[in-house]
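Please build the complex by placing chain B on the supplied structure of chain A, with the hints as guidance.
Protein chains in written order, with the working numbering: chain A, 1 to 114; chain B, 1 to 110.
Check each hint, because a few of them may be wrong.
[Unchecked claim] Straight-line alpha carbon distances no greater than 27 Å define the calculated DSS-like cross-link-like pairs of lysine-lysine that follow:
| no. | chain 1 | residue 1 | chain 2 | residue 2 |
| --- | --- | --- | --- | --- |
| 1 | A | K110 | A | K11 |
| 2 | A | K11 | B | K66 |
| 3 | A | K110 | A | K65 |
| 4 | B | K66 | A | K65 |
| 5 | B | K97 | B | K54 |
| 6 | B | K66 | B | K97 |
| 7 | B | K54 | B | K102 |
| 8 | B | K54 | A | K65 |
| 9 | B | K102 | A | K110 |
| 10 | A | K65 | A | K11 |
| 11 | B | K66 | A | K110 |
| 12 | B | K66 | B | K102 |
| 13 | B | K66 | B | K54 |
[To be verified] Which chain B residues face chain A? A few, computed with CB under 7 Å, are given here:
| no. | residue |
| --- | --- |
| 14 | Q33 |
| 15 | Y36 |
| 16 | R38 |
| 17 | S42 |
| 18 | G103 |
| 19 | V107 |
Calculated from the structure, these hints are not laboratory results.
Quick caveat, the model's predicted, so the values are computed rather than measured.
Ideal Cβ placement from N, Cα and C applies to all residues, glycine included.
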Amino acid sequence: EAAVTQSPRNKVTVTGGNVTLSCRQTNSHNYMYWYRQDTGHGLRLIHYSYGAGNLQIGDVPDGYKATRTTQEDFFLLLELASPSQTSLYFCASSDRQFSNERLFFGHGTKLSVL
Amino acid sequence: GQQVQQSPASLVLQEGENAELQCNFSTSLNSMQWFYQRPGGSLVSLFYNPSGTKHSGRLTSTTVIKERRSSLHISSSQTTDSGTYLCALATSGGNYKPTFGKGTSLVVHP
Chain A
1 EAAVTQSPRN KVTVTGGNVT LSCRQTNSHN YMYWYRQDTG HGLRLIHYSY
51 GAGNLQIGDV PDGYKATRTT QEDFFLLLEL ASPSQTSLYF CASSDRQFSN
101 ERLFFGHGTK LSVL
Chain B
1 GQQVQQSPAS LVLQEGENAE LQCNFSTSLN SMQWFYQRPG GSLVSLFYNP
51 SGTKHSGRLT STTVIKERRS SLHISSSQTT DSGTYLCALA TSGGNYKPTF
101 GKGTSLVVHP
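Isolated chain A, as found in the complex:
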C-alpha cells in the first residue's frame, strides 16, 4: 500500500502568518496533489504536480503556493494566512504509468488561522 505522510497533523497560526504544509510519498508516484476540504464543498484541488520541479494550478489556487522539490516531496505554502484558509488539507499521490490511477491520501492537516 502506498504511503503518504503529511506534517504537521494540526497547525494553529495567526492572520498574516506563514505556514508550510509538508507531504512525502514513498512509492515514487509521479502525480501529487493538495486539496482542501470545507463543509459543503467536498475536496477542492489547490495545486498539483506531475514530477519534481513541475507545478500545475488547481481549482482554488488563490493565496497558495506550492513546490515539488523531489519525486517524494510536495509542499504547500501559505505566505500571508487568512481566516478563510482555515480548513482540513489533504495531500494525495497517484501513478498513471500502469493504467492504475488510484489516489492515495495522507491523514490530513487541520489548519486554523486565527
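Frame of chain A, contents of chain B only:
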C-alpha cells in the same frame, strides 16, 4: 470542467437497512474511486472502479460509463458505516486532475 454530483446529500438508516449512494458525472471518465471518510477526517479508499461492478464484503460499486453514473451499495448497514462517502473521478486526456463530489453523509442508528 468536470461536474460531479452525489446524491443523496445525507441519509439516515436503521441498522440492517440497505443504502444506495449515487455519483453522476457530466463528462467521460478515465477513473472513478469511492472513499469513506471517518468522522475524524481520514479517508479510506473503498473502490477503484472505472467501469463494471466490484464487490467487497457488504459493499458493491457499479460504474456505468454510458449512463455517466457510479453507485455504491451498502447492504445490511451497521453503525460503524456512519460517516461521509465521497466519489472522485478524472477524465481522460491531458493532466490527471481528480474531481470530488460533495459527499453523502450517512448516519446509521442502532
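Hints, one by one, checked against the model:
1. A:K110 <-> A:K11: 6 Å, holds
2. A:K11 <-> B:K66: 44 Å, violated
3. A:K110 <-> A:K65: Answer holds: K110 (chain A) to K65 (chain A) is near 18 Å, not above 27 Å.
4. B:K66 <-> A:K65: Given pair K66 (chain B), K65 (chain A) is violated - Cα atoms ~38 Å apart, limit 27 Å.
5. B:K97 <-> B:K54: OK: K97 (chain B) and K54 (chain B) at ~23 Å, within 27 Å.
6. B:K66 <-> B:K97: Distance of about 21 Å is within 27 Å: holds.
7. B:K54 <-> B:K102: The given pair, whose Cα atoms are some 23 Å apart, holds under the 27 Å limit.
8. B:K54 <-> A:K65: Given that 27 Å is the threshold and the Cα spacing comes to 38 Å, the pair is violated.
9. B:K102 <-> A:K110: 19 Å, holds
10. A:K65 <-> A:K11: 17 Å, holds
11. B:K66 <-> A:K110: 38 Å, violated
12. B:K66 <-> B:K102: 22 Å, holds
13. B:K66 <-> B:K54: Distance ~17 Å between K66 (chain B) and K54 (chain B) Cα, so the pair holds.
14. Q33: 6 Å, holds
15. Y36: 11 Å, violated
16. R38: This interface hint is violated because 10 Å lies over the 7 Å limit.
17. S42: 5 Å, holds
18. G103: 5 Å, holds
19. V107: Given a least distance of 16 Å, the restraint on V107 (chain B) is violated.
Hints 2, 4, 8, 11, 15, 16 and 19 from the list above are not met by this structure, while the remaining hints are.
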